[in-house]
Amino acid sequence: MSEPLFPLVATSPLADLAVPGRLGRADGPAGLVLRERRGLALATVIARAGVDRLGLDGLGLDGLDLPDTPRWVAAEGVTAVWAGPRQWLLLAEGGTAAGVAPGFVPGLARALAGRASVADQSDGRTVLRLAGPAARATLAKLAGIDLHPDVFRPGDVVLTRMAQLSVALWQVADDPVYDIACFSTFAASLWHALVSAGAAAGIDVLAPAAAGETRSGLP
Amino acid sequence: MSGQPFRLVSGGLVDRRQSLRFRFDGQDYEGFAGDTLASALLANGVRLVGRSFKYHRPRGILTAGPEEPNALVELRSGARREPNTKATTVELYDGLEAASQNRWPSLAVDLLSLNGLLSPLFVAGFYYKTFMWPAKAWEALYEPLIRRAAGLGRASGEADPDAYEKSHAFCDVLVIGGGRSGLAAALAAAREGKRVIVADEDTRLGGRALTRPGDADALAAMLVELAANPRVTLMPRTSVFGVYDGGVYGALEKVSDHLPEPAPFTPRQRLWKVIAHESVLAAGALERPIPFADNDRPGVMLAGAVATYLHRFGVVPGRRAVVYTSTDEGWQLAADLYAAGVTIEAIVDPRGAVAEAVQAGVVASGARRLIGARVVRALGGRALRGARVVDAHGQTVTLRCDLLAVSGGWTPNLALTHHHGGKPRWDEVLQSFLPGAPPPGMRVVGRAAGEGLAPLVDLPAPPAKGKSFIDFQHDVTAADIRLAEREGYRSVEHVKRYTTLGMATDQGRTANLNGLMVLAEARGAAIPDVGLTMARPPYAPVAIGALAGPHRGRDFRPTRLPAAHGWAVRQGAVFVEAGQWLRAQYFPRAGETDWLTTVSREVTTVRSSVGLCDVSTLGKIDVQGADAAAFLERVYINGWASLAVGRARYGVMLREDGFVMDDGTTARLAADHFILTTTTANAARVFQHLEYCHQVLWPTLDVQLASVTDQWAQFAVAGPRSRETLARLVDAPFDLANEAFPYMGAAELTIGGGLPARLFRISFSGELAYELAVPARYGEAVAAAIMAAGADFGICPYGTEALGVMRIEKGHAAGAELSGQTTATDLGLGRMLSKTKDFIGRRMAERPALTDPARPRLVGLRPLDPAARLRAGAHLVALADPADAAHDAGYVTSVAFSPSLGQWIGLGLLAGGPDRLGERVRAVDPVRGGPELLLEVCAPCFVDPEGVRLRV
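Going line by line, the protein sequences match chains A and B. The numbers in our numbering rise by one with no breaks, and the one at position 128 of the first sequence is 129. The numbers in our numbering rise by one with no breaks, and the one at position 167 of the second sequence is 177.
One or more hints might be untrue.
[What the hints assert, rightly or not] Computed footprint of chain B on chain A, listed as stretches where at least three residues anywhere in the stretch have a Cβ under 8 angstroms from a Cβ of chain B: (1) 15-28; (2) 53-62; (3) 146-153.
In case anyone wonders, no lab produced these hints; they're calculated from the structure. Note that the structure is a prediction, hence the values are computed from the model and not measured. Backbone N, C-alpha and C fix where the C-beta goes; we use that ideal spot for every residue, glycine too.
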């Protein structure tokens with residue numbers, strides 16, 4: 002009935018912004034390293050009433066014990082980020098810069114049918130990865146969250162406001178490395194705020210990597 | 011050195027090898043690194059620095075810190091000009107430019123000083139008394155006159171070219187004040203492993219220790235240990251200006267104020283929100299002046315400030331000094347000044363006796379010692395020439411001097427302890443106010459807690475004659491306070507407001523205690539019975555720019571961009587802000603010279619063929635769960651249980667109070683899965699409302715809510731050729747035929763060869779129409795694909811204007827009608843109110859006032875003159891009634907030029923509207939003016955009232 006009239010090419014809300022290169026202070030090593038994590042499959046998972054313990058074993062993710070406090074856990078390329086009582090944001094790697102890991106969200110919905118409601122957010126959230134020696138000071142300008150290593154460590158998650166936007170922020174690694182998930186239609190605004198806040202430190206923008214390439218944190 | 015005649019050869023913390031050039035009132039000078047503008051001016055012998063607020067009296071430098079009331083200057087030039095800057099807090103930099111302010115034509119010859127001769131007019135409350143009548147003259151005459159005569163510096167009038175930043179800091183202990191007490195507290199906390207922040211408004215930590223050469227080594231040792239501790243953050247140039255709830259402190263860091271301009275990517279100032287488990291207030295003490303007539307002559311200075319200029323900056327502010335002191339410290343200053351080569355004319359001490367040991371230090375200077383004496387008047391005009399003293403025997407003595415160092419003793423700097431409303435307590439021993447109930451978590455140490463302070467002694471009352479200034483910055487004299495008291499202002503808070511005592515940018519730090527003293531004396535009361543005025547944030551002035559931080563201009567708030575924004579840009583769209591969204595308003599084409607031509611062409615294209623509109627901004631909420639339908643039954647006024655899977659329905663929600671909150675179309679994708687849409691404006695509010703209903707009202711319902719607004723790019727494809735257009739996109743075997751996918755159908759399908767999508771057959775335009783939703787990353791591509799698919803039919807993109815025109819033609823309520831003041835019945839939706847179930851707002855909607863048939867209700871409005879332009883906001887009045895508020899029958903909510911009718915039409919809320927169809931009313935516009943229009947009231951639907959086109 003239909004033949005392609007136009008190639009259906011995917012576009013990131015950061016297509017014109019997350020361009021590899023140096024921003025802000027030009028000399029010396031960059032204090033901040035920034036990249037968009039493209040190609041993630043994302044889903045909001047909310048437990049249904051009466052389901053006390055939601056397991057993902059049906060998905061071959063036996064090791065993924067969904068956290069009931071603001072933490073994240075990961076196994077087999079899937080990360081589960083606490084997103085409120087009885088709800089999580091699931092991120093699956095394995096996509097490409099052009100498309101998400103195919104079938105992950107529908108598979109999730111099938112496996113959890115009757116036990117949890119799944120809403121695809123692969124296009125609804127944009128995830129940024131932030132690293133570098135100035136990462137903490139930069140985030141302090143945007144969020145009222147104590148990120149001191151005594152208080153906030155790898156594995157920790159916080160839902161907060163950043164530059165007047167709702168975000169989920171979690172620490173990936175000690176170095177420190179952070180991920181920030183925001184509503185996609187605000188991604189350009191958040192990007193702009195991060196770049197303004199980090200400009201004094203100098204920013205290296207890396208190519209928007211497909212998720213699989215960023216599993217062990219940034220170089 | 012010859013350029014700095016008052017600079018000592020050695021001593022102080024300035025770097026004499028690093029010379030800095032600066033300019034004041036067009037004259038070039040030199041100072042040293044480590045100077046303030048004030049110390050550098052004094053080093054150069056400049057003592058006349060400004061003119062006072064009201065009387066334009068010549069003023070010099072009174073203090074050496076942020077309590078300075080007199081030495082206010084305009085700093086920098088051009089867009090960076092900053093008025094009312096305290097010269098005592100400006101760190102000198104090479105190339106600094108400053109100018110005196112509030113003088114005309116020059117500082118030395120200020121013609122407005124004639125105000126001083128009019129001073130009987132300018133007494134306390136003079137605005138209220140003098141300019142009462144006639145009222146009309148206030149704006150035209152009095153206010154401009156007063157503003158010209160009484161004032162401070164001039165703002166630049168240009169946009170601030172610098173950037174400001176906000177940041178957050180967290181700690182166990184926030185130490186406010188980096189003097190020895192503060193640093194000792196910081197060290198103690200740091201040694202326990204606590205996270206410590208030390209904030210001090212000065213450019214260097216050390217506080218008073220910086221003015222005491224003997225303290226230097228101990229200070230250095232403390233700073234070394236603190237700086238080496240990674241859990242300690244030292245923040246000089248940072249003033250803590252407010253204490254807020256929950257251990258939150260506001261602080262302002264002057265990052266670049268000591269530079270000609272900020273370095274690239276660096277803010278001028280940074281506003282800190284500090285969250286601290288506890289705080290230590292080590293704000294030190296403030297010196298109290300002793301009032302006497304003409305005590306504002308340039309050359310009259312606080313003794314502690316003179317000590318600071320001498321010891322920290324290596325500057326002697328005069329050649330021949332009189333020290334007027336009620337403390338032993340003043341005697342020490344006299345000795346130090348003498349050692350620095352200053353002639354000491356006399357020491358005047360109002361106390362009855364001074365210990366011999368104290369006096370011994372000044373014997374060598376040969377100074378006269380006038381004990382039990384008081385200064386009654388300073389002599390001189392633009393510079394101090396002497397002082398008139400009444401000695402212990404009542405004899406008047408005239409002393410010659412160019413420096414009069416004054417000290418009435420020291421009192422704790424309490425301001426921050428008041429910020430939670432805590433009152434200070436009176437200490438009988440120290441005869442001073444001490445911290446009473448500081449904010450929770452705050453501990454007060456050092457001189458701020460009264461430690462090490464000498465008891466205050468009673469000061470001589472200011473003489474009855476002459477101007478004895480209490481508040482220098484606001485030109486409030488002892489006589490003003492006495493007058494206020496005579497006029498019945500007895501409460502200290504009332505006196506403050508009536509006289510403006512303590513209300514200037516220095517917050518009356520040098521004024522408040524003496525003001526109290528004068529008021530207490532006038533009332534015949536004791537100082538503790540008079541009480542202290544409450545200090546409130548901010549402790550120090552904070553620029554509005556710093557409070558705004560980066561949120562200004564286009565960054566005032568975040569911008570939300572639909573997924574296909576880039577596509578719309580390439581189509582040449584003109585954009586409009588809709589809440590946070592940037593939406594395409596219309597898409598002008600070559601040759602179209604005004605928006606109305608464009609919009610009419612877009613409407614006509616949709617009504618005759620097909621158009622494309624990005625409707626991604628509508629809120630989309632995913633509602634799932636076994637009780638999803640039951641949940642919707644409770645939040646919507648109409649029924650949902652019966653809605654079949656694969657169907658959509660229009661729904662209306664009420665607030666608890668019975669008024670309409672929002673409307674939208676909701677589709678059932680599965681028995682336990684709905685997709686609910688909201689208006690663009692109310693998306694966040696509706697989601698919040700639904701979460702509230704679920705979490706608080708009905709937590710047992712099995713419902714899960716997720717915002718999926720961002721997930722889907724959604725496009726309205728509207729017009730008689732919309733089916734043919736979409737047919738080129740949807741994948742087989744999906745059937746778009748009317749029977750297979752009728753009006754109000756909803757389906758999940760694929761398009762373009764496998765892309766998952768959702769299709770809804772809903773219409774805002776009144777035409778055959780669909781809304782196609784695709785994953786947002788394909789928004790741009792799908793918009794382009796729809797355009798390609800409709801090219802043969804002459805498809806055009808249309809924006810919010812054409813959308814609005816068509817919904818007005820169809821009488822759909824939108825923002826102007828969903829005003830929060832309309833009921834479902836007002837909007838003609840009363841029949842949707844279910845009688846068979848309960849829902850939010852049902853009971854309140856039954857209140858008599860909400861069911862009154864005479865309420866303003868939705869109607870269509872059509873000018874009788876087809877050429878007339880109707881305007882939204884015009885009021886509706888019956889033909890026979892006068893056009894006044896008493897006869898106001900409603901108003902025009904929305905208007906549009908209808909290309910379908912070839913004239914302007916409108917929607918309005920008219921009293922008893924539906925019963926008045928066919929009646930003629932007048933539209934009057936008394937606020938904006940313009941001619942009255944005759945309108946015909948009609949049903950609120952101008953195009954295809956039977957809705958035939960929707961269902962073809």
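Violated hints, by number in ascending order, as checked against the structure: 2
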